[in-house]
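Q: The task is simple: from the sequences and hints, build the whole structure.
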Amino acid sequence: AAVSVRQLSQQRAQILEGTDPEVQEEQRKREEIRRFKTSAGYSTEEAIDPRMEELEQQMYDVAMELLQEKRVLAEIQSLQRQKEEVKEHRRREKTLRSDAEIIRSRLEVIGSQLKAKLREHQEANSDLAALEEERQSSLAQSPLVAERSKVHHRLNECIQLKTQLEGKVQGLYARERAKEEQRRMEEEMRRRAAEEEELRRQAEEEEEERRQKLRDERRRLKEERLQKDRKQEEVQVAAV
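All letters in the sequence shown, in the order written, are residues 890 to 1129 by our numbering.
Since the hints were made in silico from the structure, they are not lab data.
Take these hints with a grain of salt, some might be off.
[Claimed, not checked] The calculated DSS-like cross-link candidates involving lysine-lysine, where the alpha carbons are at most 25 Å apart (straight line), are:
| no. | residue 1 | residue 2 |
| --- | --- | --- |
| 1 | K1068 | K1057 |
| 2 | K983 | K959 |
| 3 | K972 | K959 |
A: What follows is the structure, encoded as structure tokens:
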């Protein structure tokens, strides 16, 4: 199945982060071989041979009971199986690669695949651009397209004219609103002036009424003094 650029990018990110499945699998194999060496007790085939030769020599040189001979034979067979296992693990160990080797190899492969995908995309984009250019050329030569272009141009002119008219109408509305606001303000000023004039007139009337009361009070007091003075004079004349 074809691998996408996104999948290749994800694989590259996994390699750089140390989570690539191939690297992890190789690490698992190394750990498996390490555990085998630890548990087997023998790391090479040559290390097993002396013990096998020793046991075989015992079988030839020493007269053994049947049970002891069976034990020795079973140990020889066990050592033979271990020898085969050690041989197999050593063969597998030779095929192991370091993390650096795997990462370098994987990055080279993915890099080549990404470059190939990039070339494919560039070629596809070039083909698409050529097809689009051919389509535009064909459309430009079509009478229907030419007529549609004229209609579209005329429609744009109508839209621009409509926009201009709307702007003028809005300007007229704005001027009318300004005039109406001016008239309202003038009426408000006249109303306030009339109210202030009425308040001033009432204040003058109240002031004149106060002054008249003051004059009347003064006249009354003057008359009272005159009457008092006349009475005193009359009393003095009578006393004489």
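Q: Now look at each hint and say whether the structure bears it out.
A: Hints versus structure:
1. Proximity of K1068 to K1057 is assessed by CA-CA distance (about 16 Å); at most 25 Å being required, the pair is judged to hold.
2. Between K983 and K959 the CA atoms are separated by roughly 36 Å; this puts the pair beyond 25 Å, and the hint is violated.
3. Proposed proximity of K972 and K959 is supported: the alpha carbons are some 20 Å apart, at most 25 Å.
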